[in-house]
Structures are given as C-alpha cells and as structure tokens.
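S.K.: This is what each chain is made of:
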Amino acid sequence: MEYTNIGAWDIRITLDLFFGGIGVGAFLLSVLLSFYIRESHQSTIKIGAYTAPIAVGFGLLLLVSKLGVPSKFITTLWNVNLQSVMSIGVFLQTGFMILTIWYAILIRKKFPINNQFRLLQTIGTFFAFSTGLYHGLFLSSLGRVLWTELTPGMFIASSIAGGIAFVLLLETLINLSVKNEDENVETKETTLPLGLYRFQVMIFIILLVQLVSVVLWQFYTGRLELEQSLSYVYFMNQFGSIWTYFVLIGGIIIPMIITLISIIKHEEKMAPMPTMITCFLILIGSFLMKHLLITGGQIALPVGFTF
Amino acid sequence: MANYGMVINLNNCVGCAGCDIACKTENNLDHDVHWSFHVTETTGVFPNVGYKYIPKLCNHCENASCVKVCPTQAMHKDENGLTLHDADLCIGCRSCELACPYDCITYNEDVQHQLKMDTEPLLNGITSSGKEIAEKFDDVPFPNYNPDRAKTYDGVRRKGIVEKCTLCDHRIVDGKNPWCVESCPADARIFGDFDDPNSEVSKLVAENTSFQLLKSKGTKPKVYYIDEF
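First to last, the protein sequences are chains A and B. Using our numbering, the final residue of the first sequence is 307, and nothing's skipped along the way. Using our numbering, the final residue of the second sequence is 229, and nothing's skipped along the way.
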C-alpha cells in the first residue's frame with residue numbers, strides 16, 4: 001500500500017500555530033499574575049505582556065508568507081465565510097493581536113489598575129482562549145483523519161504550557177544575566193487557589209491536561225474506523241519514536257516529574273537550572289507535537305481508500 | 001435552476017483515459033494538473049484477482065467540504081449546484097485541497113504552461129521557442145490554447161492559487177455537455193440535471209445499482225458510478 005503526503009502545508013504553518021500558542025500562553029500568564037499577584041511578579045507580567053504580541057505577530061507573518069497570494073490576506077477581513085473556522089479565526093487572531101499590543105503598551109506605560117484595564121484583561125482572556133482553541137479547531141474542521149475533535153484540547157493545553165515555559169525561560173535567563181534572582185520570592189499577597197501562584201503547580205496542572213488529551217487522542221484515533229486506525233498506524237510508524245521520546249516523555253512526563261518533585265518539596269520557587277530544563281523540554285515537546293500532527297495529518301491514504 | 005451532476009457507467013467504460021486528455025485540452029491544463037483523472041487498483045491473489053478502473057473528477061458535492069472551509073468564499077456553490085472556484089477571491093491557503101476527500105483540487109505552485117510560453121528554444125538555431133510558436137497562432141498564450149475556457153474562469157490559471165473541475169460550466173451555459181462527456185468514445189459519461197426526474201441521469205440512478213465515492217464522508221457527491229467490471 002502506498003501512502004503519500006499532500007504536503008500542502010510546510011513548517012511555516014507549524015511555526016504560526018507554535019508562536020501563536022506561545023502568545024496565548026504568555027498573555028494568559030501575564031493577565032493571571034497581574035490580576036492576583038502583581039507586586040511580586042512584575043517582571044514576569046511584563047515579559048508575558050511583551051512576548052504575546054511579538055509571538056503572535058511573528059506567527060501571523062509566517063502564515064501570511066505561506067499563502068499563495070500573501071497580498072490578499074487582508075481580503076479575509078471582508079470576504080467572510082461564517083462556515084469556515086479559518087475565516088472566523090482570522091478575526092479572533094487579529095483581535096487578539098490588537099488587544100495584546102494595547103495591553104503591552106498599558107503595562108509599559110503606567111501599569112494601571114482601573115476598570116478599563118480590567119475590561120481589557122477580561123476581553124483579552126476571552127480572545128486568548130478563543131485563539132488557542134481556534135488553532136486546533138481549524139485543523140479538526142478540515143476533516144482529515146488524524147485531526148480529530150480532540151485536537152483543539154491538545155493544542156490549547158500545549159499552547160498555554162508553551163507560553164508559560166517561554167516566559168519563565170526568558171525570565172530565568174534575564175535574571176541569571178543580571179544576577180537578580182530574588183525578585184519573585186515574595187508570594188504572601190496571593191489569593192490564587194490550589195497554590196497556583198507557584199509556577200511549578202501551574203505547569204504541572206496544564207501538563208496533566210495535555211497528557212490526558214494526548215493519551216485520549218492516541219487511544220481513540222487508534223481504535224476508530226479502519227481509515228483512522230490505518231492512518232494512526234502509519235503515523236506511528238513514521239513518527240512514533242519522536243512522538244514518544246520528545247512529545248510524550250520529554251515534553252510532558254519529565255517536566256511533570258520535575259515540577260512534581262518541586263511541589264512535594266514545598267519549594268516556593270524552582271531553582272534556575274530545573275526551571276530552564278523544564279521550560280526547554282516543554283517548548284521542544286510543544287513544537288514537535290504540533291509539527292508532527294500537522295505533517296502527519298496531511299498523509300493521504302492508499303488509493304483503495306478513495307473509492 | 002438545475003442540480004447538475006454526472007453518471008459514469010463503469011460497464012461501458014473501457015479505461016482509455018480519453019476523458020482525462022479531453023479535459024486537459026478543453027481547460028488548458030498544464031502537464032501536471034488533472035481535473036479529470038483515474039485511479040486503478042488490483043486486488044486479490046491469482047487466480048481470483050480483480051481490477052478496478054475508476055475515472056475521477058470533482059464530485060460537485062451538495063455538502064462540499066471545500067466550500068465550507070474556504071475562508072474567502074472563493075469556493076462556492078452556484079445556482080446550478082456546481083462547485084466553482086473564484087480565482088479573484090482565492091488567497092492560496094490550500095485549506096480546500098486538504099479538506100477535499102477526493103483529491104480533486106490542485107495547487108499551482110508555479111506559473112502554468114511555462115514550457116509552452118518559454119522564450120528560449122529547446123535547441124538554438126534548430127527549434128522555435130514556445131513563445132514564437134504561440135505568436136503564430138493569433139497571439140494566444142500557447143498553441144493549443146482554448147479561448148472558450150476564459151468565458152467563465154481564467155483561461156490559464158494563476159500562480160499561487162488552486163484550480164479544479166468546473167464541469168465545463170463555459171459549455172453548460174451554451175446548453176452543451178462537458179467536454180469529457182462529449183469525448184468519451186464509449187458513452188460511459190452522462191451529464192444531466194438530478195432535479196429533473198425525466199433526465200437521463202435521474203433515470204439511470206433510479207434504475208441501476210449505483211455508488212458514490214466516499215459516501216460516508218457526508219459530502220453528498222453528485223457523481224454516481226454504475227456497476228463495476
């Protein structure tokens with residue numbers, strides 16, 4: 001049996017969804033911290049706020065460069081198809097981009113606490129979740145066998161984890177370079193439940209959600225109709241090792257173990273080295289999960305399945 | 001208003017691929033673009049073997065997935081039930097190509113018919129260039145260019161967008177059959193209106209055992225196949 005890959009989308013689509021996801025995660029982290037524990041996490045809030053528009057914008061640029069007619073991208077704003085997830089997603093992602101820029105400017109200028117700022121945070125959070133969901137829904141709407149209804153869950157969990165990991169990695173590197181490690185130790189002002197003010201708890205919970213969604217996807221895709229099952233088997237033949245070692249073990253399970261150890265030790269804050277290792281692994285895992293799914297989803301079944 | 005579609009009688013089809021060639025000439029298709037094509041499959045173990053030859057084209061689905069996913073409505077349904085593509089609206093995102101379960105949408109990575117429009121001769125001083133030959137044919141883009149195609153779609157499709165079968169809508173508007181139907185030497189392809197119960201296609205589907213490709217996808221394809229050989 002001969003499988004082929006349509007190859008309509010290359011790595012630029014992966015990078016769009018990866019950086020878009022980082023933007024979503026970074027923004028949500030920044031909003032969460034500024035809502036509850038702003039005084040002790042000012043640098044994290046700022047890094048998250050600045051990362052979001054840059055990451056989303058960079059991803060969007062890569063997406064536009066992949067279009068056959070990049071100059072026509074703007075026409076998606078008035079040639080709308082409400083049946084198309086991509087058409088709706090253009091508005092969500094553009095709206096999210098504008099809100100993140102506005103948010104970053106406010107954070108940079110005056111860091112205000114007023115109703116207008118809270119409203120921006122609330123609307124921004126809605127757009128962030130919508131954009132994160134859109135990335136996965138966009139794939140599942142195309143109806144290809146590996147892009148199932150579970151894809152949105154996998155993508156949004158991966159995006160949030162990736163965004164948090166990116167911000168923490170950047171912050172740790174900055175702190176190491178300026179030797180200012182003590183800024184975020186103070187956590188007494190927290191009102192966040194479940195110990196969420198500690199990043200290791202936050203990361204552990206999100207990775208747990210990601211693990212569940214990935215395992216469910218593997219479990220159900222491999223057990224659906226013949227077409228799905230065969231595609232899944234082919235996918236695992238092609239990418240099984242990378243998927244298992246870098247996405248599942250490296251990208252989810254090892255970071256979960258590292259954060260769990262830190263939680264059990266009741267550490268207020270993870271040490272720089274474990275933080276960097278955890279964040280790096282999460283980012284690699286997030287990128288590879290999206291890339292393998294996008295590449296694998298374009299596999300065309302052997303000719304007998306087109307009858 | 002009509003609901004156009006096609007019946008392909010596999011009892012009559014001899015697998016000559018004449019429809020594929022006819023489509024290419026009528027619609028000015030480049031060498032690697034196929035709006036009408038076929039797939040073959042050999043099954044079984046000797047002596048119990050089987051051979052399938054399935055002519056394929058856009059199924060002009062009632063519930064077309066390409067129309068659903070297109071972000072700009074470039075892929076759309078017309079009043080006659082045809083699934084058509086508006087080149088002016090297409091941004092080249094290729095979502096339709098991925099959504100089509102029949103692999104009937106082609107993306108133009110490059111300018112089409114480059115060889116035929118080349119200004120350099122294949123052999124200097126011996127052959128003419130493609131452009132020189134084309135200029136001898138009333139200044140058409142290339143020698144076998146069909147200007148009728150440009151009535152309803154780009155005569156030669158542009159770089160960076162997709163293209164697909166239109167069921168020869170430029171011929172249908174003049175009351176003619178699609179060219180693949182006209183060209184079939186075995187009368188295996190029948191074109192008509194499924195909303196008209198007295199049309200030949202409606203009668204053929206009603207009177208024979210027929211099947212559609214990938215019916216389980218829910219796209220409601222409007223190309224019916226009668227029997228197999």
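Source of the hints: derived by calculation from the structure; they are not laboratory data. All C-beta atoms in this analysis are idealised placements derived from N, C-alpha and C, irrespective of residue type, glycine included. Just to be clear, a hint being listed does not mean it is correct.
[To be verified] Here are the simulated DSSO-like pairs of lysine-lysine, each with C-alpha atoms no more than 27 Å apart in a straight line: (1) B/K68 with A/K66; (2) A/K109 with A/K46; (3) B/K68 with B/K217; (4) B/K159 with A/K66; (5) B/K68 with B/K203; (6) B/K24 with B/K136.
[As the list claims (entries may be wrong)] Residues on chain A that point at chain B, a partial pick, calculated with CB under 10 Å: (7) W9; (8) L63; (9) F73; (10) V85; (11) P112; (12) Q116; (13) L142; (14) R144; (15) E227; (16) G297; (17) Q298; (18) A300.
S.K.: Determine for every hint whether it applies to the structure shown.
M.R.: Each hint, compared with the structure:
no., hint, verdict
1, B/K68 with A/K66, "holds, 21 Å"
2, A/K109 with A/K46, "holds, 11 Å"
3, B/K68 with B/K217, "holds, 14 Å"
4, B/K159 with A/K66, "holds, 13 Å"
5, B/K68 with B/K203, "violated, 30 Å"
6, B/K24 with B/K136, "holds, 22 Å"
7, W9, "holds, 7 Å"
8, L63, "holds, 9 Å"
9, F73, "holds, 6 Å"
10, V85, "holds, 7 Å"
11, P112, "violated, 37 Å"
12, Q116, "violated, 33 Å"
13, L142, "holds, 5 Å"
14, R144, "holds, 6 Å"
15, E227, "holds, 9 Å"
16, G297, "holds, 8 Å"
17, Q298, "holds, 7 Å"
18, A300, "holds, 7 Å"
The structure fails to meet hints 5, 11, 12 from the earlier list, while all remaining hints are met.
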